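Participant: This is what each chain is made of:
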Amino acid sequence: MKILVPIKRVADPANANKVKVDDDATKVTSEGLEWVMNPFDEWSLEAALRLTENAAEKARVGEIVVVSITPGEGDTDHIREALGKGAERGIVVPAGTDEQLDASVVAKILAAVVKKEEPDVVLMGKQAADGDSAVAGTKLAELLEWPVVNYATNIATSDEGKTFEVKRELDIGVQTLKVEGPVVFTSSDRILRPDSIKNGVTPDDFEYADLGDLNSRLSNLKNIMAARKKPIDTMTLDDLGVELGVGTEYVKFTLPQGRSGSAEFVETVDELVQKLQTEAKVL
Amino acid sequence: MAQPINRYKADLRDFNFLMFEQFGLQDVLGKDPFSDWDQATCSEVLSQVYKFAQEVTGPLNRVGDAQGCRLEDGKVFVPEGFKQAWDKLYEAGWRTLGAPAEFGGMASPVTLAVLSDELLSGSNTAFNMYPGLSLGAAEVIAEFGTDEQKKTYVEKMMNGTWGGTMCLSEPHAGSDVGSSTTSATPLEDGRYKIKGTKIYISGGDHDMADNIVHLVLARIEGAVPGTKGLSLFIVPKVKPEGGSNDVQVASIEHKMGINGSATCVLNFGEDDDCVGELVGTVEHQGMRQMFKMMNFARIGVGIQGLAVASSAYLNTLEYARDRKQGSSIEDWKDPSAPRVTILNHPNIRRDLLEMKSKVEGMRALITKLAVHQDRLKALGEDDESETAAYHHGQINLLTPLVKAYCSDEAFQVCERAIQTYGGAGYLKDWPVEQYARDSKIFSIYEGTNAIQALDLVGRKLGQGGGKNTQAFLGDVQKFIKEHAEHPELKDAVARLQKAHEAVGGSVMQFLGWFQGGKMPNIVLTAERFLHMMSKLAIGWLLLEGASIAIEKLKGDLSEPEKAFYEGKKFSGIYYAMNIVPEVIGDAKTLKACDESPLAISDAAFGPE
Ligand SMILES: Cc1cc2nc3c(=O)[nH]c(=O)nc-3n(C[C@H](O)[C@H](O)[C@H](O)COP(=O)(O)OP(=O)(O)OC[C@H]3O[C@@H](n4cnc5c(N)ncnc54)[C@H](O)[C@@H]3O)c2cc1C
Chain A
0 MKILVPIKRV
10 ADPANANKVK
20 VDDDATKVTS
30 EGLEWVMNPF
40 DEWSLEAALR
50 LTENAAEKAR
60 VGEIVVVSIT
70 PGEGDTDHIR
80 EALGKGAERG
90 IVVPAGTDEQ
100 LDASVVAKIL
110 AAVVKKEEPD
120 VVLMGKQAAD
130 GDSAVAGTKL
140 AELLEWPVVN
150 YATNIATSDE
160 GKTFEVKREL
170 DIGVQTLKVE
180 GPVVFTSSDR
190 ILRPDSIKNG
200 VTPDDFEYAD
210 LGDLNSRLSN
220 LKNIMAARKK
230 PIDTMTLDDL
240 GVELGVGTEY
250 VKFTLPQGRS
260 GSAEFVETVD
270 ELVQKLQTEA
280 KVL
Chain B
0 MAQPINRYKA
10 DLRDFNFLMF
20 EQFGLQDVLG
30 KDPFSDWDQA
40 TCSEVLSQVY
50 KFAQEVTGPL
60 NRVGDAQGCR
70 LEDGKVFVPE
80 GFKQAWDKLY
90 EAGWRTLGAP
100 AEFGGMASPV
110 TLAVLSDELL
120 SGSNTAFNMY
130 PGLSLGAAEV
140 IAEFGTDEQK
150 KTYVEKMMNG
160 TWGGTMCLSE
170 PHAGSDVGSS
180 TTSATPLEDG
190 RYKIKGTKIY
200 ISGGDHDMAD
210 NIVHLVLARI
220 EGAVPGTKGL
230 SLFIVPKVKP
240 EGGSNDVQVA
250 SIEHKMGING
260 SATCVLNFGE
270 DDDCVGELVG
280 TVEHQGMRQM
290 FKMMNFARIG
300 VGIQGLAVAS
310 SAYLNTLEYA
320 RDRKQGSSIE
330 DWKDPSAPRV
340 TILNHPNIRR
350 DLLEMKSKVE
360 GMRALITKLA
370 VHQDRLKALG
380 EDDESETAAY
390 HHGQINLLTP
400 LVKAYCSDEA
410 FQVCERAIQT
420 YGGAGYLKDW
430 PVEQYARDSK
440 IFSIYEGTNA
450 IQALDLVGRK
460 LGQGGGKNTQ
470 AFLGDVQKFI
480 KEHAEHPELK
490 DAVARLQKAH
500 EAVGGSVMQF
510 LGWFQGGKMP
520 NIVLTAERFL
530 HMMSKLAIGW
540 LLLEGASIAI
550 EKLKGDLSEP
560 EKAFYEGKKF
570 SGIYYAMNIV
580 PEVIGDAKTL
590 KACDESPLAI
600 SDAAFGPE
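Those protein sequences? They're chains A and B, same order as listed. If you read the first sequence in numbering that gives the first Met the number 0, its first letter stands for residue 0, the second for the next number, and so on. If you read the second sequence in numbering that gives the first Met the number 0, its first letter stands for residue 0, the second for the next number, and so on.
Calculated directly from the structure, the hints in this document are not laboratory data. Hints may contain errors.
[Claimed, not checked] With a Cα cut of at most 27 Å, we get these calculated DSS-like pairs of lysine-lysine:
#, chain 1, residue 1, chain 2, residue 2
1, B, Lys82, A, Lys57
2, B, Lys227, B, Lys149
3, B, Lys376, B, Lys30
4, A, Lys221, B, Lys30
5, A, Lys229, B, Lys50
6, A, Lys161, A, Lys177
7, B, Lys517, B, Lys227
8, B, Lys50, A, Lys19
9, B, Lys561, A, Lys26
Since we're looking at a predicted model, the values are computed, not measured.
Could you put the whole structure together from the sequences, leaning on the hints where they help?
Facilitator: Written out as structure tokens, the structure is:
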């Protein structure tokens with residue numbers, strides 16, 4: 000099975016307070032920000048890795064191609080990170096500026112990459128942690144005329160990606176769908192639960208570690224060294240036949256109000272309830 | 000229970016600066032023996048180790064401190080989460096970064112292994128001691144062991160299947176290792192029966208690995224007294240053929256810090272059934288072999304100091320940027336002036352800059368030492384050129400500085416960190432009080448700092464007829480000459496020049512004392528001298544960094560890059576203007592050598 004995993008770099012959400020708005024409030028400035036892999040993409044990458052390995056034998060059995068559309072020169076740091084976790088190949092698409100890369104442009108670029116690469120599945124984050132638009136996946140599927148399943152929490156296949164059984168959590172319960180590939184999935188963070196993915200290759204009784212706070216597996220040294228020899232291709236917008244043209248106009252950005260007060264840790268739920276009643280007086 | 004929350008912070012920009020902008024590690028990359036390594040890979044490895052430190056070991060730092068280790072039925076249990084972290088560490092391969100490929104390592108540059116060690120140690124000092132000591136012990140066997148021993152032990156100790164320790168200390172043999180009484184009696188099969196008690200053994204037992212391989216210093220029956228009669232033995236907890244090897248944990252210590260690290264009293268051969276193998280085939284080589292490990296471990300302790308101090312600083316900085324208290328001194332007449340963050344107060348800015356410069360100075364010294372080792376490796380094992388001798392010489396000379404100065408300063412930086420927080424710093428809600436407690440041990444183990452100072456003054460200064468010392472002073476002098484007229488640094492360089500003269504003068508003073516047999520004076524002043532020489536070395540390295548930064552600042556830079564280089568510039572200037580001048584006063588004190596501590600009678604110290 001061949002899976003395409005798009006990866007966006009976003010300003011570290013853990014340092015969201017460093018994000019600034021420029022003087023005329025029409026854009027978010029990226030100056031001085033630390034970039035990390037969009038957490039939703041990191042979860043998708045982890046899901047894709049699980050779909051393409053025999054985890055019990057630590058063997059790769061499928062192929063993952065990561066693609067990153069990067070403003071400016073085409074920074075490959077996060078592609079390298081993905082290769083270090085086990086992905087097979089990378090593609091970088093240097094393109095314009097952050098503002099020029101709205102969801103419709105991204106979907107067009109990805110659709111062009113998909114046509115070249117012909118993956119069985121595109122597995123992407125349900126949203127990017129910066130703009131939070133959550134539409135690129137759906138737009139991509141529309142352009143490809145592929146089915147899309149958003150907010151997947153479980154994915155199972157027993158025929159190498161020809162068909163999938165997918166679960167999504169909705170307010171009314173868990174919906175189970177059967178879908179034929181090729182298909183676009185967008186994944187939610189829940190997809191990292193130990194039993195959330197069945198690929199028909201990893202034995203059913205294999206238990207993934209509960210990753211706790213980790214977004215996904217960490218890179219290891221052997222993979223990083225191996226990743227150096229893995230190819231990263233560059234595709235330009237010309238190669239892909241896509242033109243930048245923004246469908247979205249940004250009218251105004253305002254920063255959220257600073258938080259007041261301080262955080263305090265409590266040891267037990269009882270203590271929390273008591274504090275909420277007596278100190279915070281919100282209960 | 001303490002919450003698993005990561006507090007560890009590092010500034011990788013400085014790591015990259017030191018590797019590639021100041022010490023030129025790239026010179027040795029991409030060719031033998033580092034042909035697999037390039038600049039981008041080194042930087043990426045550090046980012047990933049940092050991620051590991053923040054996500055795996057960092058969150059367990061407070062947990063380990065609060066829980067400590069437990070001894071139950073003669074077995075040691077480590078704090079919650081340590082075992083999982085151990086497994087993840089070895090799976091990720093960070094601990095074997097610098098290990099030779101034949102034992103499953105990645106043969107990375109030493110510099111990269113050293114800087115990764117900073118990240119691991121800083122995130123969780125106590126945890127990192129277990130794998131750190133295992134690696135150190137494995138390296139001794141890899142260097143001196145027989146082929147059979149290498150095959151049996153090394154890879155398993157490097158990949159986390161087994162742990163390792165170093166067992167020197169005994170109840171009556173701490174600093175005075177030569178007084179060890181643990182005995183080794185030859186057996187017919189060529190092995191030895193081991194009997195004795197070792198104390199304070201870090202990682203002496205734990206439940207993270209199947210076996211623990213102790214390296215035990217013991218005296219073979221009939222050997223001469225003192226260190227010359229000691230031999231080193233491999234004593235596994237579980238015998239190679241299976242079954243217990245009669246190594247018993249008598250107790251574990253309750254300590255001020257590094258609570259997650261089990262410090263054990265070990266009884267070897269209480270039931271007369273403990274068997275050890277000599278490391279290699281030649282008896283009475285124990286100290287020489289142990290020194291190999293100790294050099295590695297001493298640098299390791301310096302790294303621990305740097306690591307903890309660095310996170311203490313960065314946490315303090317974050318707090319100072321957030322905590323509002325008082326108004327700006329400029330508004331001192333106006334009671335309604337707006338409250339400002341404490342970062343605005345001149346004294347806080349001074350303390351922060353002092354912490355910053357010391358942390359960066361320690362890192363520069365440690366990186367310099369590591370790059371010397373990489374340059375040596377690049378020359379090849381048996382290179383006997385002047386250049387190789389120079390690198391060897393600088394490593395030998397500067398190792399006691401790394402161990403003692405970085406450990407002393409680590410505690411000082413942590414103390415300043417607590418002070419800068421104010422009351423909050425004293426509370427367990429914030430990480431710095433643990434840092435202070437953890438860091439105090441660094442000046443004690445691996446040879447107390449007094450012993451380091453005696454090593455420096457008694458052995459290292461005069462090594463090779465004083466050649467290494469001359470080369471060091473020559474390097475500093477060269478920098479001074481080249482920068483004496485530097486438009487932004489000349490005042491700072493003038494301070495360095497004076498300190499250079501002062502250190503040179505003190506070296507001559509020691510020579511005089513040696514020749515005149517005034518040994519007590521040497522012991523009286525050796526630690527002072529070690530600090531003087533460290534300040535000179537660090538002042539030099541920080542000013543070198545500052546001069547590089549000043550050049551970079553002339554270019555077109557992004558905001559964060561500009562801030563970084565400006566920071567490097569001021570670290571250098573601050574240290575040279577405020578710390579380096581202490582050397583000048585210290586040299587006078589040293590020369591005057593007030594002998595009161597020798598003259599005062601024992602009784603006059605106070606009642607018994
Ligand atoms: C937490 C912890 C972990 C440790 N881990 C290990 C380990 O894994 N393996 C191991 O073998 N040991 C270990 N040690 C032991 C440690 O190395 C010793 O404590 C240290 O070497 C000092 O020895 P001592 O405690 O006997 O002090 P002493 O030697 O009694 O020293 C007391 C004081 O006298 C000074 N002094 C002693 N001799 C001289 C001298 N000749 N000249 C001038 N001053 C002198 C010392 O500097 C010190 O200030 C550990 C200790 C601790 C506390």
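Participant: Check whether the Cα positions of B:Lys82 and A:Lys57 lie no farther apart than 27 Å.
Facilitator: Holds, at about 21 Å.
Participant: Keeping to a limit of 27 Å between CA atoms, is the pair of B:Lys561 and A:Lys26 held or broken?
Facilitator: holds, 23 Å
Participant: For the pair supplied as a hint, B:Lys227 and B:Lys149, is the alpha-carbon distance within the 27 Å limit?
Facilitator: The hint holds at about 25 Å.
Participant: Decide if the proposed pair is consistent with the structure: A:Lys161 and A:Lys177, CA atoms, cutoff 27 Å inclusive.
Facilitator: Roughly 11 Å between the alpha carbons, so the hint for A:Lys161 and A:Lys177 holds.
Participant: Tell me if the straight-line CA distance from B:Lys376 to B:Lys30 falls inside 27 Å.
Facilitator: holds, 11 Å
Participant: Sort out whether B:Lys50 lies within 27 Å of A:Lys229, counting only the CA atoms.
Facilitator: holds, 22 Å
Participant: Against the 27 Å threshold, does the CA-CA distance of B:Lys50 and A:Lys19 hold or violate the hint?
Facilitator: holds, 25 Å
Participant: Keeping to a limit of 27 Å between CA atoms, is the pair of A:Lys221 and B:Lys30 held or broken?
Facilitator: holds, 19 Å
Participant: For the pair supplied as a hint, B:Lys517 and B:Lys227, confirm whether the alpha-carbon distance does not exceed 27 Å.
Facilitator: Holds - the C-alpha atoms of B:Lys227 and B:Lys517 are around 26 Å apart, at most 27 Å.
Of the numbered hints given earlier, the model fails none.
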